[in-house]
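> Next come the chains, spelled out residue by residue.
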Amino acid sequence: MEQTISGKFRRKREDTLVGNIEETYKVDFGVRGDMQLGTYLKERGLPSLAKALEKVRRAK
Amino acid sequence: MNLGIFKQNVNWNIDQIAVQVAQAEKVKGRAKSGFYKAAIILAASVIEALAFKLLETNEKLEMPLEDWDCVESNPLPKKYIIDGAQLSICKRVQQKFKLKKHTDFKKVNEVAQKLNIFSKSFFNKIEKVRELRNKIHIQGLNRPDRSYTKKELEFISSVMVELLDKLDLKE
Numbered sequence: 001m002e003q004t005i006s007g008k009f010r011r012k013r014e015d016t017l018v019g020n021i022e023e024t025y026k027v028d029f030g031v032r033g034d035m036q037l038g039t040y041l042k043e044r045g046l047p048s049l050a051k052a053l054e055k056v057r058r059a060k
Numbered sequence: 061m062n063l064g065i066f067k068q069n070v071n072w073n074i075d076q077i078a079v080q081v082a083q084a085e086k087v088k089g090r091a092k093s094g095f096y097k098a099a100i101i102l103a104a105s106v107i108e109a110l111a112f113k114l115l116e117t118n119e120k121l122e123m124p125l126e127d128w129d130c131v132e133s134n135p136l137p138k139k140y141i142i143d144g145a146q147l148s149i150c151k152r153v154q155q156k157f158k159l160k161k162h163t164d165f166k167k168v169n170e171v172a173q174k175l176n177i178f179s180k181s182f183f184n185k186i187e188k189v190r191e192l193r194n195k196i197h198i199q200g201l202n203r204p205d206r207s208y209t210k211k212e213l214e215f216i217s218s219v220m221v222e223l224l225d226k227l228d229l230k231e
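Residue numbers (this note's numbering), protein chains in the order written: chain Y, 1 to 60; chain F, 61 to 231.
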């Protein structure tokens, strides 16, 4: 959780969505935008890369 | 090094790896190789950064001694030139290893192994990653370099996971 300027708390997103990456880097992953990046990588035969991503994202 | 910036940069590089994977998935056969090469180089650079960070967090350990070095060298008169080499008198010193911003990947791995931060088997794995990373130096390759695969990327990623297990990135 982190505190916003207005004092409210919001949950930090730990699970990057494919759609966000597509939009930021102007690429097309060819899957639904609401798929989590970790899931995408796992399904593509890269479970360790998905795990590494998760570990880095969660180290907050 | 600021941990927040470090993590942002690691994050960005992992995003870029995912982008390369997505591009590789969209093409067939050998065309995948170039995208996997880019992903592998990116992943290896993240590993180098994580290994550096891990060693940095262990800086309080007793660092190993470097090789003997000659300082304050005083050349002897020219009559002492032997086979084109001039003899000199110097102080031989052996200094403790000090981690610097530009300490190379190989040295970081060697010191981490000496300090038992890396086991022998992990050292072998991370050295394999370093060798893959070194393929960025095209001039050092003695055969056509075309085949980069998802399997190699997955291997490098597994090394990254092992490193992340050893490292506390929490702020």
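Derived from the structure by calculation, the hints contain no laboratory data.
Any given hint could be a false lead.
Each pair of labels, with its calculated beta carbon distance range [said to hold, decoys possible]:
1) V153(F) to T39(Y): 49 to 59 Å
2) Q36(Y) to K211(F): 22 to 32 Å
3) E23(Y) to S207(F): 29 to 39 Å
4) G45(Y) to K120(F): 36 to 46 Å
5) S207(F) to V27(Y): 38 to 48 Å
Note that CB positions come from ideal geometry on N, CA and C, so glycine has one too.
> Of the hints stated earlier, which fail here?
5
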